[in-house]
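Student: Listed here are the chains, written in short residue letters.
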Amino acid sequence: DVKVTQSSRYLVKRTGEKVFLECVQDMDHENMFWYRQDPGLGLRLIYFSYDVKMKEKGDIPEGYSVSREKKERFSLILESASTNQTSMYLCASSLNRPEAFFGQGTRLTVV
Amino acid sequence: AQSVTQLDSQVPVFEEAPVELRCNYSSSVSVYLFWYVQYPNQGLQLLLKYLSGSTLVKGINGFEAEFNKSQTSFHLRKPSVHISDTAEYFCAVTGNTGGFKTIFGAGTRLFVKA
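So the protein lines, in turn, are chains D and W.
This note's numbering applies: residue 1 is where the first sequence begins, and numbers increase by one.
This note's numbering applies: residue 112 is where the second sequence begins, and numbers increase by one.
Just so you know, these hints were derived from the structure itself, not from any lab.
From a predicted model like this one, the values you see are computed outputs, not experimental measurements.
A couple of the hints might just be wrong.
[To be verified] Chain D stretches covered by chain W per the calculated footprint, using a threshold of three residues with CB under 8 Å from any CB of chain W:
1. 37-49
2. 60-66
3. 75-84
[Claimed, not checked] In silico lysine to aspartate or glutamate, EDC-like type, Cα no more than 16 Å apart, as pairs:
4. W:K212 to D:E69
5. W:K212 to D:E99
6. W:K212 to D:D26
7. W:K160 to D:E99
8. W:K212 to D:E30
The beta-carbon is built from N, C-alpha and C at its ideal position, and this holds for glycine as well.
Input sequences plus hints: build the corresponding full structure.
Tutor: And the structure:
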């Protein structure tokens, strides 16, 4: 089975902090994605990566950056956390096929 | 560009009753279609997918969906639901032009009552 592991299930951070969300997949997938999930809005794509060191902006990249130094790891960075970034963050990966495998999610609260 | 509309935000239903969760999409290119399920405090799990071929697709846990190209719909159905089906369900669409960028609907919360 494919395993996508997010480093934290719950995080509480202060406004202005730099926050790192880590995601690791164990199936040599080329594509990795970061989404945020908010009630009534579904999942919105923040960034995705289709290869090491490659990244593309999704629909809501403002306030976020990403890093993919190794194929299995895709990090989401909140440069200066704000309260409107309180959300559930979901990482996903896929082989060169459209269906994705998701991690358990990280519920981030910014206070 | 693609978009997805899930027509119901919440669907309450009694156990053993049938259920349909509705999904419409729009796209200027051919698409792949998906339903994902999210149980409380978990990530998303693929329920079923339409890539090509038969328009009636069967998934896990007794769910099925029918792709209707003329109506641009991909409704999810189950003939008899269980308490354990209580979850949030997301319809999703991916354009088949490469890149596999997926657009998700807002979600439908299915609540199965005893």
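Student: Take the hints in turn and mark each one as holding or not.
Tutor: How the hints compare with the structure:
1. Given a C-beta distance limit of less than 8 Å, the hint that chain W covers the segment 37-49 of chain D holds, as 7 residues qualify and 3 suffice.
2. Counting residues of the segment 60-66 of chain D whose CB lies closer than 8 Å to any CB of chain W gives 0, which falls below the minimum of 3, so the coverage claim is violated.
3. Judged by the Cβ-Cβ criterion of 8 Å, the segment 75-84 of chain D is not covered by chain W as claimed, because only 0 of its residues qualify and three are needed.
4. Straight-line distance between C-alpha atoms of W:K212 and D:E69 comes to about 21 Å, which puts the hinted pair past the 16 Å bound.
5. Under the criterion of a C-alpha separation no larger than 16 Å, the hint pairing W:K212 with D:E99 is consistent with the structure, at around 10 Å.
6. Distance restraint check for W:K212 and D:D26: the Cα-Cα separation of roughly 21 Å exceeds the 16 Å cut-off, and the hinted pair is therefore not satisfied.
7. Between W:K160 and D:E99, the direct Cα distance comes to roughly 8 Å. Compliance with the 16 Å bound is thereby established for this hinted pair.
8. Of the pairs offered as hints, the one joining W:K212 and D:E30 holds, with about 13 Å between alpha carbons and a cut-off of 16 Å not exceeded.
When each numbered hint is compared with the structure, violations occur for hints 2, 3, 4 and 6.
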